[in-house]
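Hey, can you work out the whole structure from these sequences and the hints?
Order-wise, the sequence lines are chains E and G. Just so you know, we're using the working numbering here: the first sequence kicks off at 1 and counts up by one. Just so you know, we're using the working numbering here: the second sequence kicks off at 1 and counts up by one.
No wet-lab data here; the hints were simulated from the structure. Hints should not be assumed to be uniformly reliable.
Pairs count within a copy or across copies, as identical chains cannot be separated in the list.
Cut-off 16 Å, straight-line C-alpha distance, at most; resulting in silico cross-link-like pairs (EDC-like, lysine to aspartate or glutamate) [said to hold, decoys possible]: (1) 134 - 45; (2) 26 - 329; (3) 248 - 22; (4) 9 - 70; (5) 115 - 330; (6) 248 - 170; (7) 339 - 295; (8) 134 - 18; (9) 9 - 120; (10) 339 - 120.
Residue-level listing of the chains:
2 protein chains.
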Amino acid sequence: MDRLVKTQKYTFAFSPYEFVLESGEKLGPITVAYETYGTLNQRGDNAVLILHALTGSAHAAGYHTPGDREPGWWDPLIGPGKVIDTNRYFVVCSNVLGSCYGTTGPASINPRTGKPYGMDFPTVTIRDMVRVQKRLLDHLGVKHLIAVIGGSMGGMQALEWAVTYPGYMDCVIPIATSAQLTPQCIAFNAVQREAIMQDPDWCGGDYYPGPGPVRGLALARMIGMITYKSDELWNRRFGRDFGGPDEKCFDFSGRFEIENYLHYQGDKLVKRFDANCYIYLAKAMDLHDIARGYDSLEEALRRIRSIVICIGISSDILFPPYLLRQLVEDLLFLGKRAKYVELKSSHGHDAFLVEFERLGAILRQFFLAIEAVAV
Amino acid sequence: MDRLVKTQKYTFAFSPYEFVLESGEKLGPITVAYETYGTLNQRGDNAVLILHALTGSAHAAGYHTPGDREPGWWDPLIGPGKVIDTNRYFVVCSNVLGSCYGTTGPASINPRTGKPYGMDFPTVTIRDMVRVQKRLLDHLGVKHLIAVIGGSMGGMQALEWAVTYPGYMDCVIPIATSAQLTPQCIAFNAVQREAIMQDPDWCGGDYYPGPGPVRGLALARMIGMITYKSDELWNRRFGRDFGGPDEKCFDFSGRFEIENYLHYQGDKLVKRFDANCYIYLAKAMDLHDIARGYDSLEEALRRIRSIVICIGISSDILFPPYLLRQLVEDLLFLGKRAKYVELKSSHGHDAFLVEFERLGAILRQFFLAIEAVAV
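Put into structure tokens, the structure is as follows:
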């Protein structure tokens, strides 16, 4: 069964001067958890980089054990004969810097103290994540990327890739994202961080090895979940259905089904994600601005040499489609090769993790075009 | 100076059997805080009822003292010669049941215990609020209303008025609201309640006379505030401006201006509003459904005899314009007199508290039409 995969690890920056973060702070050693699917060719130029969103992991495709019930998070799109065809491409996905799925982050052990970093972990940025990914690709022998693809925070990384390593890829495909995080998104992140940090069990981030701020993290996820879906989806899925006998609706312990769903999602995340990592990754998103360090957004965009295929989601309230539409207009104005495509869906922001058929159809045409060029 | 007004009080339901809430629970005595502007005519039929939103009060117009810097919340629209002309109309605004601005609510003294009700206060609904308002109007000698007007939770009351007392008014004008609260709005209310109830200082609602869950209430307000404005407004007002030197952006204590604004709004509300009241009013909104107790929404709408002027706000993410547009279509289908008008604004849901000129222009034409009919 060739769909069995294993998360691997690569550690670098043993010297504290080896990896300087965008903030100027030094971090090391850095371990990156990653998975690969397919085989790298001899020239090292058939690679595709997949980038995950806020609570995602390196496990994008395949199964970890033969009894696994859940495949990787983008499995319908990645595999032999699938849209991102592992018979042709060497597909890489790594857990981002600051996360808790194997890559160094606030829940990792600080070698200086022997205890988890907690809030002593330095602030990381989307650009830092991308630079760590570049180190991994160098280590793997990748010389050139055919495509860099990701949604939401993954899309932020894709755009940062295009600006930071302009000659390194043919195409970047950011989905449901923006070139600079909008104030509304910062606002939603701010209240989520606040929910975690207000929980007395957060203890200033120093809660290890305890469970930490489980109620605060669940609340943060509940807030986030509202922004990941859409009004239309909620109306169709739950409407005003009440989770119990109708007369209980006057009772404060009673919950509408939409409330039950949010609580379910909150409780589910708490079992699999670290609260400090959530705070750090939300901050990294707030700091997302491909123009930082350049004189202007235009100067940053001028650096781009790859094709940029932007996929907006029609019902996305977090990253409304106008954001990527505007980016494509800006890129075209600068003479860049860019295209905007809209994924029509009522699933809201999360559509890129749900609408595999529609997203696959959009991605397929671009991979066909890439192959036509490659022939 | 005829613009000086005083909040007055009316108390009724001294017998516990006098006022049965929609939940079946009894509540009494009930005090209602209210203000009136203008003079009731002899027939008692020149009254206009103004309904406030979540954290509003009876103080809709005028000044409380000669030195007052802030007039009532809808002052630009209500007064002598203004759109809602107090030379012609007897304007009434009362604080809703369950609030903390003079009307009986969770922060009021429970006569049975001599202590504030807290969570022993019964669940109240929008319909209960309206029935309390009707008792007040009866007490004031009002026989007929020319118009019933309100935005957001005030709009919910306006629609409930149209269904509960169909022959009592010429016109209802709900703004930025819906006939039944949507699951997305329930979701946003649920996380706000959760923020308050997770605060250890909430103490199960038993925090009087202490300040109570100030951090939780502030967080609830911050979340709410995001939904009351719009992406477009935030982009224009704050963009990605950072509240301090740029290099501090990597610091967790650093805040973007949008974050500063949310914190400011959160802290401001805490000084003026009670956390339990916030919880109860959010629950009342969740329960808002003009069809409850009727066989269907259609049956409820069939009861309406007044003109219904629905004003949606173009950038409202909490009550997207389609909600009131759909309601008007339903009313017209049933042969009712209804009209949908859209207030074009980038201010989001809060536009009805900000865009006085545009809203005034819309309201003016309807008041002119009403007067034409009256002549």
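Classify it for me, residue 248 with residue 22: is the Cα-Cα distance of at most 16 Å met within a copy, between copies, both or neither?
-> Between copies, since 12 Å is at most 16 Å while 53 Å is not.
Check residue 134 against residue 18 for me: Cα-Cα at most 16 Å, and say if that holds within a copy, between copies, both or neither.
-> within (14 Å within a copy, 74 Å between copies)
Within, between, both or neither: residue 339, residue 120 at alpha-carbon 16 Å | Classified as neither; 41 Å inside a copy, 59 Å across copies.
Intra- versus inter-copy proximity for residue 45 and residue 134 (alpha-carbon distance at most 16 Å) = This pair counts as within: shortest intra-copy Cα distance 14 Å, inter-copy 76 Å.
Have a look at residue 248 and residue 170 and pick one of within, between, both or neither, based on CA distance no larger than 16 Å.
-> neither (58 Å within a copy, 36 Å between copies)
How would you label the pair residue 339, residue 295 (within, between, both, or neither) given a Cα cut-off of 16 Å?
-> Neither: 25 Å inside a chain and 51 Å across chains, both beyond 16 Å.
How would you classify residue 26 and residue 329 at a CA-CA limit of 16 Å: within, between, both, or neither?
-> neither (37 Å within a copy, 62 Å between copies)
Between copies, within a copy, both or neither: which fits residue 115 and residue 330 at Cα up to 16 Å?
-> This pair counts as neither: shortest intra-copy Cα distance 47 Å, inter-copy 63 Å.
Pop the pair residue 9 and residue 70 into one bin, within, between, both or neither, using alpha-carbon distances up to 16 Å.
-> neither (22 Å within a copy, 62 Å between copies)
Please work out whether the CA atoms of residue 9 and residue 120 approach to 16 Å or closer within one copy, between two copies, in both situations, or in neither?
-> neither (23 Å within a copy, 56 Å between copies)
In the structure shown, a violation is registered for the earlier hints numbered 2, 4, 5, 6, 7, 9 and 10, in ascending order.
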